[in-house]
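Fit chain B to the supplied structure of chain A, relying on the hints for placement.
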Amino acid sequence: MQGARDAAQQAARGSYGRLLSALVGRYRDIAASEDALSEAFLAALRTWPETGVPDNPDAWLYSAARNSLRNLARHQKVMEASAVQLALLHDELAPEESNLPDDRLKLLFVCAHPAIDEGVRTPLMLQTVLGLDAAHIAAAFLVAPATMAQRLVRAKAKIKQARLRFELPTAADMSVRLQDVLDAIYAAYGTSWDAVAGADLGSGELAGEALFLGRLIVELLPGQPEARGLLALMLFCESRRDARRGEDGRFMPLRMQDTRLWSRAMIGEAEKQLITASRAGVFGRYQCEAAIQSLHAQRSLTGVANREALNTLYGLLAARCPGIGVFVGQAAALLDAGEPSHSLAVLDRLVPAEVSSYQPYWVTRAHALSAKGERELAERALQTAIGLTEDVAVRSFLVNSLPGKRATASS
Amino acid sequence: MQYILLLNECAEDFARRDDPAQAATYWGGWSAFIGAMAQAGIIVSGSGLLGPQVATTVRIRDGKRLVQDGPFADTKEQLGGYFVIEVPDLDTALEWAARAPSASGASVEVRPLLPPMPPAAS
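Quick note, the sequences are listed as chains A and B, same order. The first sequence lines up with residues 306 to 716 when you count with this note's numbering. The second sequence lines up with residues 766 to 887 when you count with this note's numbering.
Here chain A stands alone, though its shape is the one from the complex (with noise of 0.2 Å):
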């Protein structure tokens, strides 16, 4: 019931941004396209139960979206001489619905823009290539509806105004425009993942979105190798959603996590597409941290984690992608291969106003001053982490951890 409520979804899904995608693509202006779709929608609610659903439910969409433009721009004088009316126009000329484009790729690109302000990227891929509305992308976002409306309402103004190119980038640009837009789709599936804490996501709300987007992309570049990469992260951090809480709601870290609970179908996808995208042969910050993921699940067959190559791949990452993220993970490698001192190492290299408030920093150093045997400073150290803990579940573990808690934390 599920499943087929779920395939449902991925299919209306999958129509509304071909639709609005091949709109904007013929009449350059998003948000009359959204307007003039939603529109087509209704009519299709009030029509088809009565005339039953056309042989194709797209190009009769689509058709009923551009009669819709066309009454929009009978009623607006001040576009007369815009790019919609003459589009329009040429349209009566030749009208061609029975073969509509695809044109979600440059949907993405211009989404992920550079001239489009980072904080908003994500949300207008969310609202024009999967339709989701603007309260919903809100919620995730954990902003006040109204505030989220208008950013998309001036992103997509700046977009039309603008006029910025509704095109696929030039094979030079690519790989630097293509990380834009996998950027924007890994937001979406969630920023505070860390393997650290293992903690892995916020709310997870976007999840699904995120990875429709990630497969999406993968099936229109799939030459791109970061696109798997991207594809295959996210699908193994994925895998492990069922095992991050406990029977009772409590949060379970990575190395205490029951790996028979681990999703086997979303973990052979994820390597399918990493070894996949390793044929191509080319460093990507996306295809390393899937690898340091394959790792992790690799311990769901043998039983061990594999600590050496576990540092290597951060070594790596440390050193084409340096970030505070990437240096606290390689830290907490260091510290699960038995080299405290050298974890502590890793932490003190790093500038204490940007750490200050990263909670995954205050776990590490907490754990590897713990190995020292720096009892007073470690706890100091998770007291500190204690505090800026979000998540309910992780502040009761991390609570239990504390030196004179420690009998019921293991038990």
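Source of the hints: derived by calculation from the structure; they are not laboratory data. Take these hints with a grain of salt, some might be off.
Claimed, not checked - As a list, the in silico DMTMM-like pairs of lysine to aspartate or glutamate whose alpha-carbon atoms are at most 20 Å apart:
| # | chain 1 | residue 1 | chain 2 | residue 2 |
| --- | --- | --- | --- | --- |
| 1 | B | 829 | B | 783 |
| 2 | A | 465 | B | 851 |
| 3 | A | 411 | B | 854 |
| 4 | A | 463 | A | 339 |
| 5 | A | 463 | B | 874 |
| 6 | A | 411 | A | 510 |
| 7 | A | 411 | B | 874 |
| 8 | A | 411 | B | 860 |
| 9 | A | 411 | A | 472 |
| 10 | A | 677 | B | 854 |
| 11 | A | 465 | A | 524 |
| 12 | A | 411 | A | 552 |
| 13 | A | 465 | A | 422 |
| 14 | A | 463 | A | 485 |
| 15 | B | 841 | B | 874 |
| 16 | A | 463 | A | 423 |
| 17 | A | 411 | A | 478 |
| 18 | A | 411 | A | 339 |
| 19 | A | 465 | B | 854 |
| 20 | A | 677 | A | 659 |
| 21 | A | 463 | B | 783 |
| 22 | A | 577 | A | 552 |
| 23 | A | 463 | B | 854 |
| 24 | A | 465 | B | 783 |
The following block gives chain B in isolation, referenced to the frame of chain A:
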């Protein structure tokens, strides 16, 4: 579609204009950039400007004219010139902006021009 490139320069850039040791490189860079735009046939209009030290700002407050020596705001970067160009889209305008010598030392702001006003209804 028409865009304006607002070419901002920093104090060092303005100083290079009159420094015998650097003037040739400075002006050479600009004339090459402007030459390339001219060759592409995209220039609608434009010009370099004298430095902010000769700027004068006028305001009307309470019906009185206030004239002040200097630019509107004393910021690190000041307008050093502008070009209106005709190109198909923002991406192309940004490509040209990136080639301006001042993009390296300071910045270039790119903005679409207002579309022509529709004829007033009679």
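Here is how each hint holds up against the structure:
{"no.": "1", "hint": "B:829 / B:783", "in the structure": "violated (37 Å)"}
{"no.": "2", "hint": "A:465 / B:851", "in the structure": "holds (17 Å)"}
{"no.": "3", "hint": "A:411 / B:854", "in the structure": "holds (15 Å)"}
{"no.": "4", "hint": "A:463 / A:339", "in the structure": "holds (16 Å)"}
{"no.": "5", "hint": "A:463 / B:874", "in the structure": "holds (15 Å)"}
{"no.": "6", "hint": "A:411 / A:510", "in the structure": "violated (26 Å)"}
{"no.": "7", "hint": "A:411 / B:874", "in the structure": "violated (25 Å)"}
{"no.": "8", "hint": "A:411 / B:860", "in the structure": "holds (19 Å)"}
{"no.": "9", "hint": "A:411 / A:472", "in the structure": "holds (5 Å)"}
{"no.": "10", "hint": "A:677 / B:854", "in the structure": "violated (59 Å)"}
{"no.": "11", "hint": "A:465 / A:524", "in the structure": "violated (27 Å)"}
{"no.": "12", "hint": "A:411 / A:552", "in the structure": "violated (44 Å)"}
{"no.": "13", "hint": "A:465 / A:422", "in the structure": "holds (15 Å)"}
{"no.": "14", "hint": "A:463 / A:485", "in the structure": "holds (18 Å)"}
{"no.": "15", "hint": "B:841 / B:874", "in the structure": "holds (15 Å)"}
{"no.": "16", "hint": "A:463 / A:423", "in the structure": "holds (14 Å)"}
{"no.": "17", "hint": "A:411 / A:478", "in the structure": "holds (14 Å)"}
{"no.": "18", "hint": "A:411 / A:339", "in the structure": "holds (16 Å)"}
{"no.": "19", "hint": "A:465 / B:854", "in the structure": "holds (10 Å)"}
{"no.": "20", "hint": "A:677 / A:659", "in the structure": "violated (24 Å)"}
{"no.": "21", "hint": "A:463 / B:783", "in the structure": "violated (39 Å)"}
{"no.": "22", "hint": "A:577 / A:552", "in the structure": "violated (31 Å)"}
{"no.": "23", "hint": "A:463 / B:854", "in the structure": "holds (12 Å)"}
{"no.": "24", "hint": "A:465 / B:783", "in the structure": "violated (42 Å)"}
Against the hints set out earlier in the document, violations occur for numbers 1, 6, 7, 10, 11, 12, 20, 21, 22 and 24.
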